[in-house]
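*Asks:* Please build the complete structure, drawing on both the sequences and the hints.
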Amino acid sequence: MHIFIYDKTPEGLLTVVFDAYSRKIFPDLLLGEGEPLPLFHDEIYTVVTDEDKANRVWNALEKKLSKVALSMITVSWLSELPEIGLLLFRYIRKNIDAPCAVEMNFGDPDVLELSKIWKKVGQEKHRVQQFLRFQKAADGTYFAAMEPLYNVLPLNIAFLKDRFADQQWLVYDLKREYGYYYDLHEVIEVRFPEKEPHLLSGLLSEDIMDKDEILFQQLWKQYFKSIAVKERINPKLQRQFMPVRFWKYLTEKQG
Amino acid sequence: MNESVLEKLKILAESARYDVSCSSSGTSRPNREGTIGSAAGWGICHSFAEDGRCISLLKVMLTNSCMYDCAYCINRRSNDIPRATLAVSELVDLTIEFYRRNYIEGLFLSSGIVRSPDYTMERLVRIVKDLRTVHRFNGYIHMKSIPGAGRELVQEAGLYADRLSVNIEIPKEESLKMLAPEKDFQSVFAPMRYIRDGVLQSAEERKRFRHAPRFAPAGQSTQMIIGATPETDNDILRVSSALYKRPTMKRVYYSGFVPVNGYDNRLPALKQPPLVRENRLYQADWLLRFYQFKVEEIVDDSYPLLDLEVDPKLAWALRHPECFPVDINRADYEMILRVPGIGVKSAKLIVASRRYGRLSAEQLKKIGVVMKKARYFITCNELPMLTVNELKPENVRRLLTQKKNRKQDDRQLILLFREQEQE
Chain A
29 MHIFIYDKTP
39 EGLLTVVFDA
49 YSRKIFPDLL
59 LGEGEPLPLF
69 HDEIYTVVTD
79 EDKANRVWNA
89 LEKKLSKVAL
99 SMITVSWLSE
109 LPEIGLLLFR
119 YIRKNIDAPC
129 AVEMNFGDPD
139 VLELSKIWKK
149 VGQEKHRVQQ
159 FLRFQKAADG
169 TYFAAMEPLY
179 NVLPLNIAFL
189 KDRFADQQWL
199 VYDLKREYGY
209 YYDLHEVIEV
219 RFPEKEPHLL
229 SGLLSEDIMD
239 KDEILFQQLW
249 KQYFKSIAVK
259 ERINPKLQRQ
269 FMPVRFWKYL
279 TEKQG
Chain B
395 MNESVLEKLK
405 ILAESARYDV
415 SCSSSGTSRP
425 NREGTIGSAA
435 GWGICHSFAE
445 DGRCISLLKV
455 MLTNSCMYDC
465 AYCINRRSND
475 IPRATLAVSE
485 LVDLTIEFYR
495 RNYIEGLFLS
505 SGIVRSPDYT
515 MERLVRIVKD
525 LRTVHRFNGY
535 IHMKSIPGAG
545 RELVQEAGLY
555 ADRLSVNIEI
565 PKEESLKMLA
575 PEKDFQSVFA
585 PMRYIRDGVL
595 QSAEERKRFR
605 HAPRFAPAGQ
615 STQMIIGATP
625 ETDNDILRVS
635 SALYKRPTMK
645 RVYYSGFVPV
655 NGYDNRLPAL
665 KQPPLVRENR
675 LYQADWLLRF
685 YQFKVEEIVD
695 DSYPLLDLEV
705 DPKLAWALRH
715 PECFPVDINR
725 ADYEMILRVP
735 GIGVKSAKLI
745 VASRRYGRLS
755 AEQLKKIGVV
765 MKKARYFITC
775 NELPMLTVNE
785 LKPENVRRLL
795 TQKKNRKQDD
805 RQLILLFREQ
815 EQE
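Going down the list, the protein sequences come from chains A and B.
Numbering of the first sequence is given in the numbering used here, commencing with residue 29 and proceeding in unit increments.
Numbering of the second sequence is given in the numbering used here, commencing with residue 395 and proceeding in unit increments.
To be clear, the hints were calculated from the coordinates, so they are not data collected in a lab.
Be aware that a few hints might be false.
Said to hold, decoys possible - With a cut-off of at most 27 angstroms between alpha-carbon atoms, the simulated DSSO-like pairs for lysine-lysine come out as follows:
id : chain 1 : residue 1 : chain 2 : residue 2
1  : B       : Lys760    : A       : Lys95
2  : B       : Lys759    : A       : Lys144
3  : B       : Lys766    : A       : Lys153
4  : A       : Lys239    : A       : Lys249
5  : B       : Lys742    : A       : Lys264
6  : B       : Lys665    : A       : Lys153
7  : B       : Lys742    : A       : Lys147
8  : A       : Lys122    : A       : Lys148
9  : A       : Lys258    : B       : Lys404
10 : A       : Lys36     : A       : Lys148
11 : A       : Lys253    : B       : Lys665
12 : A       : Lys36     : A       : Lys144
13 : A       : Lys189    : A       : Lys153
14 : B       : Lys688    : B       : Lys665
In this text the structure is predicted, and so the values were computed from the model without any measurement.
*Replies:* Right, here's the structure in full:
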């Protein structure tokens with residue numbers, strides 16, 4: 029078994045592809061630095077991430093693959109799944125080796141698997157658009173926190189910037205401990221070395237809320253309650269469309 | 395904005411909730427400098443109510459007072475319910491503040507009829523116009539076009555709303571006359587025609603002048619109540635099919651009748667809304683729109699009612715065993731789409747993938763085909779399985795409608811006691 033060790037970045041993965049072809053040895057397993065090795069293996073090769081090599085591989089892919097297939101690679105990467113590196117490596121290799129791209133061959137287990145991960149990440153991205161809830165703070169900033177399953181906040185920046193163009197906002201990923209801040213001009217990535225309570229709970233406390241915030245939250249909760257038709261109550265359907273893991277930060281589901 | 399709005403919002407949302415439509419799709423409009431919001435072409439559901447229905451828009455009535463006395467409606471004149479009217483500023487504030495917090499995609503505005511259809515329509519148009527021009531709201535707006543409203547008002551509404559809708563409610567005119575004496579088909583279909591004309595005219599103008607105003611870019615929709623009147627599914631689906639043939643009709647919604655006015659003996663006494671029938675109608679509607687079915691293939695005079703036990707596509711397949719089995723590796727897309735257990739997505743994946751090699755049953759399953767159903771109607775790479783022709787439709791039907799037995803524990807000894815037959 030051949031093992032390649034890389035730095036778990038997208039550029040690192042593309043360098044893996046480059047090195048594998050130049051050495052004519054293809055990895056059966058990709059590991060990050062410091063990850064435990066399996067008991068039996070032939071050879072360990074440590075990849076040194078190289079911008080030039082990565083670019084060459086990417087340019088070659090851009091020539092061969094459609095836009096959708098390229099987005100499949102970049103978007104699936106954000107799933108952060110442990111097996112995603114090796115799966116992407118196999119997907120890229122299959123596309124390079126075949127005379128024309130195999131991106132539409134869903135009979136192939138790797139192509140199908142990758143398209144499923146791509147869809148799942150896409151769905152999680154959409155769910156951020158659905159279930160993100162802003163709370164207005166006293167300084168006028170709208171704050172929203174979530175714990176998405178995959179690292180999908182970067183995929184939503186363009187949408188949020190377009191839609192909420194005339195208000196300052198901060199969206200925060202509680203799980204990955206970073207967020208994006210929009211100051212009416214541009215969006216910047218932010219990390220906070222010291223966490224204030226709302227960066228841990230995801231909810232603003234009343235003393236830093238805008239004076240009307242409580243009222244609008246109440247109105248929204250009232251609307252949420254009143255719009256349901258009592259004769260058709262169907263909690264199973266509700267949970268199917270709006271999984272319980274999102275309820276923690278949904279305004280309408282707060283006490 | 396103060397606490398009193400809370401009570402009004404409760405009353406007006408409860409009055410509006412029987413309208414099914416809440417979709418926010420059909421318009422893609424990026425933000426423009428100085429406006430609030432955008433419209434995402436695919437529509438976004440921001441929440442799901444306790445009844446499992448999507449909340450995409452702030453669905454609310456301007457007022458729930460109404461001069462009409464339609465038997466099926468909660469807001470009828472003779473009902474003793476609390477009435478309320480929102481001030482324009484309250485409605486605008488609610489929409490914009492909810493929107494800024496990402497609660498909603500926009501507004502669904504409807505109203506009870508006060509004084510006259512034209513008077514009511516004029517009030518609605520004024521609000522929508524205000525939202526767009528004074529408050530620069532760029533999100534989605536769905537507006538009810540009031541039955542009986544004049545052409546000029548509908549023309550104006552279309553300039554500001556993304557979607558307009560007029561509800562048919564009752565699929566046959568004689569039933570409508572009986573339950574809603576103040577309405578007739580003319581009052582419903584006339585505004586529908588105005589909307590269509592407006593959309594087509596604007597499309598024509600935009601061909602010549604790129605900046606000509608858009609008119610209701612998300613088209614129109616309508617709704618029918620199911621189970622309040624004796625109409626069959628045949629009657630209902632024929633109306634839908636005819637509507638879909640006209641341009642601009644995007645959706646027909648079906649609303650299982652909720653007996654809100656139990657005292658009115660013109661209406662059937664239902665214990666529960668007919669949810670299964672409603673679901674079957676939606677499935678049939680999907681067949682019309684996405685599966686290239688014709689309405690007479692789904693229902694006709696000899697099958698006026700949809701089968702409640704199996705979905706309409708399976709029912710069609712069981713009535714037409716001669717069309718099967720379908721060879722997955724050769725058949726046209728249209729025919730693959732007709733196989734029970736294969737949807738639009740899997741059909742497309744099949745057609746794309748089979749160019750690389752023959753597909754096997756295992757691969758089909760992974761692609762997302764429901765093999766439990768599809769296996770009786772297809773052949774693929776493997777040896778032919780027992781299909782609907784060998785098994786006979788009635789047996790396939792029985793196999794597919796069997797209730798699942800409760801899982802039995804193998805370690806448990808099962809003793810069979812045959813029940814004594816009664817003499």
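*Asks:* Please go over all the hints and tell whether each is borne out by the structure.
*Replies:* Going through the hints against the structure:
no., hint, result
1, B/Lys760 - A/Lys95, "holds (24 angstroms)"
2, B/Lys759 - A/Lys144, "holds (14 angstroms)"
3, B/Lys766 - A/Lys153, "violated (32 angstroms)"
4, A/Lys239 - A/Lys249, "holds (17 angstroms)"
5, B/Lys742 - A/Lys264, "violated (30 angstroms)"
6, B/Lys665 - A/Lys153, "violated (41 angstroms)"
7, B/Lys742 - A/Lys147, "holds (15 angstroms)"
8, A/Lys122 - A/Lys148, "holds (22 angstroms)"
9, A/Lys258 - B/Lys404, "holds (14 angstroms)"
10, A/Lys36 - A/Lys148, "holds (21 angstroms)"
11, A/Lys253 - B/Lys665, "holds (23 angstroms)"
12, A/Lys36 - A/Lys144, "holds (21 angstroms)"
13, A/Lys189 - A/Lys153, "holds (15 angstroms)"
14, B/Lys688 - B/Lys665, "violated (33 angstroms)"
Hint compliance for this structure: hints 3, 5, 6 and 14 are broken, all remaining hints hold.
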